[in-house]
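Using the hints, position chain B against chain A.
From first to last, the protein sequence lines stand for chains A and B.
Counting the first sequence from 1 gives a position; the working numbering is that position plus 197.
Counting the second sequence from 1 gives a position; the working numbering is that position plus 197.
Heads up, a few of these hints could be off.
Since the list gives no way to pick out one identical chain from another, each pair is judged satisfied if it fits inside one copy or across any two copies.
[As the list claims (entries may be wrong)] Within a straight-line C-alpha distance of at most 27 Å, the following computed DSS-like cross-link-like pairs (lysine-lysine) qualify:
id: 1; residue 1: K504; residue 2: K531
id: 2; residue 1: K531; residue 2: K396
id: 3; residue 1: K228; residue 2: K476
id: 4; residue 1: K613; residue 2: K650
id: 5; residue 1: K650; residue 2: K605
id: 6; residue 1: K571; residue 2: K613
id: 7; residue 1: K504; residue 2: K216
id: 8; residue 1: K317; residue 2: K372
id: 9; residue 1: K349; residue 2: K397
id: 10; residue 1: K540; residue 2: K504
id: 11; residue 1: K208; residue 2: K384
id: 12; residue 1: K317; residue 2: K540
id: 13; residue 1: K711; residue 2: K571
id: 14; residue 1: K216; residue 2: K531
id: 15; residue 1: K396; residue 2: K216
id: 16; residue 1: K455; residue 2: K216
id: 17; residue 1: K509; residue 2: K228
id: 18; residue 1: K476; residue 2: K540
id: 19; residue 1: K228; residue 2: K349
id: 20; residue 1: K504; residue 2: K228
id: 21; residue 1: K455; residue 2: K317
id: 22; residue 1: K216; residue 2: K384
id: 23; residue 1: K216; residue 2: K397
id: 24; residue 1: K397; residue 2: K228
Please keep in mind that the hints were generated in silico from the structure rather than gathered at the bench.
A quick note: this is a predicted structure, and the numbers were derived from the prediction, not measured.
There are 2 protein chains.
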Amino acid sequence: MAAPQPQRSPKDAQSMAEKQREISISEFFTKNRHLLGFDSPAKALLTTIKEAVDNSLDACEEAGIAPRLLVEIRPDKPVNLGLELSSQQDQESGANGNGNGKAGRNDTAARGVKNEERYKIIVEDNGPGIVAAQIPRIFGKLLYGSKFHSLKQSRGQQGIGISAAGMYGQLTTGKPVTVYSRTGAKKPAHRFQLLLDMKKNEPVILSGDETVWEKEHGTRIEIVLTGSYKRGQHSVDNYLEQTAIANPHLHLTYKDPKGETIVYPNATSDLPPEAAEIKPHPYGVEMGILSRMLADTSSRNLASFLKDEFCKVGPKTAETILETAGLPPRKNPKRLVQDDVQKLLDAIADTKIAAPPTDCLSPIGEDLVMAGLKTGVEADFYTSVTRPAAVYRGNPFQIEVGIAYGGKLPADDLAKVMRFANRVPLLYQASACAIHKSVLTSNWRSYGLQQSKGALPSGPLVILVHMASVWVPFTSESKEAVAHYPEIIKEIRLALQEAGRQLQRHIRRREREKDAAKKQSYIQKYIPHIGDALQEILEISDAERNEVIETLTDTLERSRKL
Amino acid sequence: MAAPQPQRSPKDAQSMAEKQREISISEFFTKNRHLLGFDSPAKALLTTIKEAVDNSLDACEEAGIAPRLLVEIRPDKPVNLGLELSSQQDQESGANGNGNGKAGRNDTAARGVKNEERYKIIVEDNGPGIVAAQIPRIFGKLLYGSKFHSLKQSRGQQGIGISAAGMYGQLTTGKPVTVYSRTGAKKPAHRFQLLLDMKKNEPVILSGDETVWEKEHGTRIEIVLTGSYKRGQHSVDNYLEQTAIANPHLHLTYKDPKGETIVYPNATSDLPPEAAEIKPHPYGVEMGILSRMLADTSSRNLASFLKDEFCKVGPKTAETILETAGLPPRKNPKRLVQDDVQKLLDAIADTKIAAPPTDCLSPIGEDLVMAGLKTGVEADFYTSVTRPAAVYRGNPFQIEVGIAYGGKLPADDLAKVMRFANRVPLLYQASACAIHKSVLTSNWRSYGLQQSKGALPSGPLVILVHMASVWVPFTSESKEAVAHYPEIIKEIRLALQEAGRQLQRHIRRREREKDAAKKQSYIQKYIPHIGDALQEILEISDAERNEVIETLTDTLERSRKL
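Next up, chain A with everything else stripped away, as it sits in the complex (with noise of 0.2 Å):
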C-alpha cells in the first residue's frame, strides 16, 4: 500500500472494554436524529407540525369529536432571509449539482448555526384534552404513548414523535415545550413548560400549574425550533393540503409564516367510520412472541389462551390446532417447554384459520378518493380503486388507489405519485418506499403510457395511493416511507394494475375518439374536391354534384362509425 506506515496504538481488551457504555434512547436519536425526520432545517419544521397533526386527529376521532385544529408557524426571531446556506437546503432538492469542490468545501466549514431561521409552531385541537398527569411523558419522554401496544388503524403509533419534535426544539433553541390541556368545561385547564433529559429520557418540568383557557376541550402545544419554511412539493402547505384531501371531516385553520390565513373547511360533518382495535392474528405470531405471549397469559389453560389471546380462533379452532400439536387443552400455558412452543406453532402453521377481520380499517372509499383528487387536480379523467383487506405477517390492511390523467397536467413531466399511511400524506423519501417501488415496476406501456426502463411513467397523470393499516411498517422512525414486505407491494401492484386499466379504456377511447376526427376531418376535406372533380370529367349539375357529395359523406360517415 502507498500509504506511510501509520502509527499505532494498538488496544487490547481491558482497554476495550473501559470503552463499553449504555447509550440512552434520546442520546441514540440526538444523534440519529433523520431517523426521526429531523435531518434538514425544513424538513424539521414539517415533521414537527406533522406530529402534532397526527396526534390530534387521533385523539379527536377516539373521542368521537369532529376535529377543528389551527395550524400556526410564527417567526421567533428576526429573520435573515437575504442569506441562502447550503445547509437550509431541502434534503431531497439534489443539492448544489454544478458547484465547484473547493468552493463546496469551503462554504461547509464557514457555516455556523447563527443564522438559521427561527419559529415558534402552534397547533391547536378541540380533542378531548389530555390528563395532567400524563402530560409530561407524553410530551417529554421518548418511546412513551398508547398507541403502540395496540393494533388499530391510527396514524401515530411509535410514542416519539412529538418528544421527538420537543427535544429537536430545545436541541436548537434551548426553549421548552408549552402545552396547554383541557379534558372539559367543568375541569380546570393546565398549562405546562417541559424539557427532556436527554441522558435520562426523563420529562423536566419547569412549570405545570392551573390556568385560564377559553377552551371547552382540547389541546394546544406549542415549540420554538430553528427551520426554514419553504413552498413547494416538501412543504408544510402541501401537506397540509393532502391532508385536507385524506380527512374530508377535518376543519382546518393554517396561519402562515407571512400571516396569511388559509381555511379548509370539512367536506363532511360524518367522522370516518372508528377503527377497532384488533387481537394479533395467529399466522403473525413468531416463536419468541408466542413464548412472552404464553408467559404474560391470564388465561389459566391452552383452550382458553388460544381463544382469548388471539382473533378467529374460536373453541373449534383452538381444539384443532392443540390436537395437531399433541398438547392437552387444559394444560397450563406456563408450563410449555420449548420444543411444546414450536409444536404449537407448527400446528397453528397447519390449521386452516380465517383471515383477521377487516373492519378495523377505515378506508378512505373510492368515492372520496375520487373528490378527493377532483378537489386538489385540474384533469381530464378520474378513476378510483379500493381493494379488499389483506394481511401481512397477520396485520390486516387495505391498499386504495386513484388517478387523474389529462387536462392541465403537464404532459412531459414523469407521473406525480401522491403517498398516504392512514389518511397521512407522506411526502419525503419516496423512492425508499413500497409505493413508489410498485409504481415504478408496474409496466405503464400495457396501459398506453410512455415509461423508461427503471423509471417513474411520464405523461399528464398523477397517481394517488393511500394504505390503511392496523400498523404501517414504516421503513423508519420518521414514518416517511412504507416497507417492502412483498404482500404489500402485490396488492399496490393489483390496485395500481385495476385502476390502470380503467385509465388504458380512457385513453383508448380518446385515441379513437382522435382517430374518428382525423378521419372525419378527410372527409370534410376531399370529398368537395372529389365532387367537383366528378362534376368536370362527367359534367354533371351542380345539383346532381352536391347529391354525390352528401351520399359519399354520409356512406363514409356510416363506416367511419362502424
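Using the frame of chain A, we list chain B on its own:
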C-alpha cells in the same frame, strides 16, 4: 359518506390516559424489526453475518491484528427446499408482479412460519477477544457499545446490531446466542449462552463458564435463526465478495450452506492506516448539545472548555470566540445561562475556525479502489477518484468513486452501482441512498452515456462509491442507505463528475478510433477501384496504377491521422 354509520364508543381523556405506557427499546425494535434489517428471512441472514463481520473487523483493526475470519452458514434442521413461500421472497425482488388478487390473498392467509429454513450462523475472528464481564451486555442488550460516543471511522457505531441479531434468532427459534471469547494465550477462554429479556432490555445468562478453546485470542459467535439462503445481488456471497474487495487486508474463509468452502486470501498484509478518534468540531455543535457539554465538562473555565472539548480550537481561537461572545475566559462553564449559550454559539458561527482534521479518515485509496474493481469486474476501462476530505454537521468524511466500463459488461442494462460505507458493502435500499440519488441526478449524457429521465445511466458500466466518515448518517438502524445530507450528495456528485470526465475521454477516444477504423476501411475498399477506373480512362500501366493507389492511400492515411 356512503359507509354505514359506525357504532362509536367514544373515549374521554381519562380512559385514554389509562392506556398510556412506557415502551421498552427491545419491544420497539421487535415490532419494528425492519428498521434493523430483519424484515425478510433472506435479509435477516445477511444482516446477522454483516453485523458480526463488522464487529470482528473493527476489533481486529483497533487491536492492530491482521484479520483472519471464518464465516459459516450451517443448515440447522431438515430444510424443505421444495416449497417456495412468498414470505421468503427477497424484499427488493418486486414480488409477484402479475399474480391475481384472490389467489394472492389466500396464499397469505394460508401460510404459517413452520416451513421456513433454519440456519446456524458462525462468525469467528482472531481479534483481541472480549473481557468476560462485558460479553453478556454486548450480545444481550440493545444500545450498548463502545463506538457510539466516539467520533471515529468504524463499521459499527450504534451498539444495536449484534444484539439485535441475537434477539431475532431468539424470536424466531427460541435459541440462545453462544459466544466463545479469549483475550490471550495466558487467559482462559469463556463460553456464554445468552438470551435477551425483551421487556427489560437486559441479558439473561443461561451459562457463562471457562472452557477450552484452541484459539489463543479471538471471538466466535453462533446464532440460530430462521432465514433464507439465496444467491444473487442481495446475497451473503455477494456481500462477502464485496467485503473482500473493500478490505484487501482481510483473510476470509467462507463455508456456505452446501458445505463448499471459498477462501478470499488477503491481498496485502498491511493494515489500513489507523483511524484516529477526534473531538467534535465547533461548527457542528447545536444549542442543546453545547448546553450539555457545558454542564458535563471537567474544565474549570470557558477558555479551557473550548480548547479541551473541541478540535481545531487553540488558545487564540478560544480567545476570539469569547471576545466576540462578550464572555470572560475565566468564567465557570457551569454558570452560563441560556442567553450566554446562545451568545457563545453565535460567536462560534462568526469566528473563522480551521476545518476538522482529516487524518482521522482511512479511505481505501485510488490504487486499491481500482485494483478492487479490476478483481471483481471484467471491463475495458477503469478509473478511480479519491476526493479530499469534507465536512457535514461538523463530521469529516471522504468520498471515493471507481468506474469500470466496457468489456464484457452488458451494454443495454442500467449501470450497476456498488455502494460502500466505511468499507462495508451496502446491498439493500439502494433507492433510499444518497449515493444512488447522486448517481441518478448526475448528467451522464454529457459523458457520452445514455440516460432516461429519472433513471440510472445505461451502458456497460459499474460505478463504485465509498464514503468514509467518523459518523456515517444512515437512514435507518439497519445501516443500508446513507442519509441525504446536501454536503454529502454534493461531494459524491463532484467525485462522479471527476470520474465521469475521465470516462468521457475514454469514450471519445474509443469513438475516434472507431471513426478512424471506418475511414480506413473506406480507403481500403474504394481506392483500388479508383485505381482501376483511372487505369481504364488514362490507359496507364499496372505499375503506374499501383503507384497511384499507393500515393492516394498514403495521402489519405496522413490526412486521416490529423
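We went through each hint and held it up to the structure:
no.: 1; hint: K504 / K531; in the structure: within (16 Å within a copy, 59 Å between copies)
no.: 2; hint: K531 / K396; in the structure: between (37 Å within a copy, 17 Å between copies)
no.: 3; hint: K228 / K476; in the structure: between (35 Å within a copy, 15 Å between copies)
no.: 4; hint: K613 / K650; in the structure: both (17 Å within a copy, 14 Å between copies)
no.: 5; hint: K650 / K605; in the structure: both (26 Å within a copy, 21 Å between copies)
no.: 6; hint: K571 / K613; in the structure: within (15 Å within a copy, 40 Å between copies)
no.: 7; hint: K504 / K216; in the structure: between (49 Å within a copy, 23 Å between copies)
no.: 8; hint: K317 / K372; in the structure: within (10 Å within a copy, 51 Å between copies)
no.: 9; hint: K349 / K397; in the structure: between (30 Å within a copy, 25 Å between copies)
no.: 10; hint: K540 / K504; in the structure: within (18 Å within a copy, 63 Å between copies)
no.: 11; hint: K208 / K384; in the structure: between (62 Å within a copy, 16 Å between copies)
no.: 12; hint: K317 / K540; in the structure: between (57 Å within a copy, 20 Å between copies)
no.: 13; hint: K711 / K571; in the structure: within (25 Å within a copy, 55 Å between copies)
no.: 14; hint: K216 / K531; in the structure: between (40 Å within a copy, 26 Å between copies)
no.: 15; hint: K396 / K216; in the structure: both (17 Å within a copy, 26 Å between copies)
no.: 16; hint: K455 / K216; in the structure: neither (50 Å within a copy, 40 Å between copies)
no.: 17; hint: K509 / K228; in the structure: between (43 Å within a copy, 21 Å between copies)
no.: 18; hint: K476 / K540; in the structure: within (22 Å within a copy, 54 Å between copies)
no.: 19; hint: K228 / K349; in the structure: between (31 Å within a copy, 14 Å between copies)
no.: 20; hint: K504 / K228; in the structure: between (44 Å within a copy, 22 Å between copies)
no.: 21; hint: K455 / K317; in the structure: within (13 Å within a copy, 61 Å between copies)
no.: 22; hint: K216 / K384; in the structure: between (52 Å within a copy, 21 Å between copies)
no.: 23; hint: K216 / K397; in the structure: both (19 Å within a copy, 23 Å between copies)
no.: 24; hint: K397 / K228; in the structure: both (15 Å within a copy, 23 Å between copies)
In this structure, the one hint that does not hold is number 16.
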